[in-house]
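Chemist: Sequence:
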Amino acid sequence: MRVLFLCCLLSYTCLSCRKIIDIGEPSDKMAPEEVYSSDSGAIAVMAGIYSIINSSGLSTGGKGISVFCGLYCDELGLMEGNSEFQRCYENTLTADDSPFWAPLYNCIQQCNMLLKGLEGSKALTPAVKQQLTGEAKFIRAFCYFYLVNFFGDVPLLTTTDLNTNTTAGRSSVEKVYNQIEDDLKKAVSLLREEYLGGDVQTIVPERLRPNKWAAVALLARVHLYMKNWVAAEQEATDVITRNGLYAIPALPEAFGQYSREFIWALENTNATGVNEDAALLVLQQGPDREEQPLYVNKRLLKAFERGDQRLTTWIGEDTTSGNTYYYPHKYRLAEGGKSPTPYLAVLRLAEVFLIRAEAKVYINDFSGARSDLDKLRRRAGIGYTVAMNRTALLKAIEQERRVELFTEWGHRWLDLKRYDSAREVMYATATEKGIAWMDYKQLFPIPHGDIMLNPKLKQNEGY
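For the sequence shown, the working numbering begins at 1 and goes up steadily by one.
Just to be clear, a hint being listed does not mean it is correct.
Said to hold, decoys possible - Below, a list of computed lysine to any residue pairs in the SDA-like style, where the Cα atoms sit at most 20 angstroms apart:
1) Lys-129 x Val-204
2) Lys-116 x Lys-129
3) Lys-458 x Lys-122
4) Lys-302 x Gln-399
5) Lys-122 x Val-204
If you're looking for bench data, these hints aren't it; they were derived computationally from the structure.
None of the values given here were measured: they were computed from a predicted structure.
Based on the provided sequences and hints, a complete structural model is requested.
Modeler: Next comes the structure, spelled out in C-alpha cells:
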C-alpha cells in the first residue's frame, strides 16, 4: 500500500531544515517498507516533521506562537490599520480562524506515522532508529504541551488508525499531561547527549535536533505545570549542571548563532536565511503598518526595573516622524535584513533556572530559589532579589519570567493562566485596547471544520 502522507511531508522538506537534512529524500511514491529500508529514508521523514515545526503558522512569522501570544495578551501592540493581526490583538477569535490546532495535529500525526514505521523496520542502523524514535516522541510531547494549554481537553491521538483518530473525543488535561510525561521520559532514555547533524550520527555545534538534555528541560517545564515540584527541581538541576555544554552568557550573546544558552533551536526558515520572527519584529527603517505592524506594549516597558540592561539590549527604539516606537530586539538583522540572523531559540537555559527557582520555592528552599533568580538578575545588571518569603519569591519569579522570556513561545500568556492572573491582567489590558474581555477566551476555539467532521468533538464554551 502506497503512503500518501509522504507527498505532504516531503514537500515541506525542501522548504527548510538545511542542516537537519543534507542527504537525498526518498520518492513521495515509495511504500512504507521502502521508506524505512534505509537510514536516509527515515531521516527524510523526520526532516519533514521539523519543517512543519519550522513553518509559518506554528513557530515563526505573524501567526507563530511567539508573536500571536504576544499580541493576544499584554506584550505587543499593533499599529492602526493592520487587519492581518486584528482578531488576535482584539481577542476576537472564531472557530473559523482558530490558530495552531491544525499544524500541531498535523505534526503529531506525522510523528505517529514515523514511530510506526520505525518500529516495523529491521533495516535501520540501531543508533539512527533509536535517535529518531526519541526525536519523534519529543516532538509529539512538545506539540501536545501547546495543544493542552491553548485548548484544554483535546483528543489524544497516538495511533495511525484513521477511524480511531477521526472519531476521538476530548481527553482530560490530566490524561494528556500523562502522555506528554511518558513520551518525554522515553525520549530522555533514547536521545543522545550530543547534538547531531543531518545524518543523525555526526556531532555538530548547531543545536537544531533535540538531545537528551532538551528532553529533560522540557520535562522539567511539564512537571512545573503539573506541580510536581520535586521532579521539576531535579530535572532542571540535571540540565543546569551540564557545565561543559550550557552556560548563561552576557546579554548581547544570549541569542547568538552558537549561544551556549540554547538547549534547542530552530533553523532559519526562508531562502535568504532570515529568521522570520526577527524579520517581523525588528525594525530597520521605522515601523510600517502593513509589513512591520508590531511594537512593545507599554505595560511590558514599565515592567523592567530601573537599570535592567535587558531593556536596552533586548528592546530597540526607533523614532519616525516624531513618534518613538519600541520593539523586541532579541534577534538582529543586518543592513537591509538580508544577512542571516541567529537561530530561533525554543528552549534556553534561562528558562531552566526560572523553573528550578519556582520549584525550589515550593519545596521550601528559599535561599536556592533566590540564588537561581539572582543568576539572571546579575546578568541583567540589577543585583540581588529582596524577596524573602514564599509569596514575595513567587511574585518575583513571575516578574522575572515576564522580563526574561518576553515574546518567546507564549510564556507570558501561559504564565498569566498558570498563576491565575489572566482575569485581572486581561481585563486591564482590554480596557486599554478599548475592547471587552471575557474569561472564556482563556481557551482558544476549536476549528469549526473539525467539529463538523467529528460529532464527539465538542466546542470550547463561548464560541
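Chemist: Which of the numbered hints above does this structure break?
Modeler: Going through the list in order, the structure violates hints 3 and 5 and respects the others.
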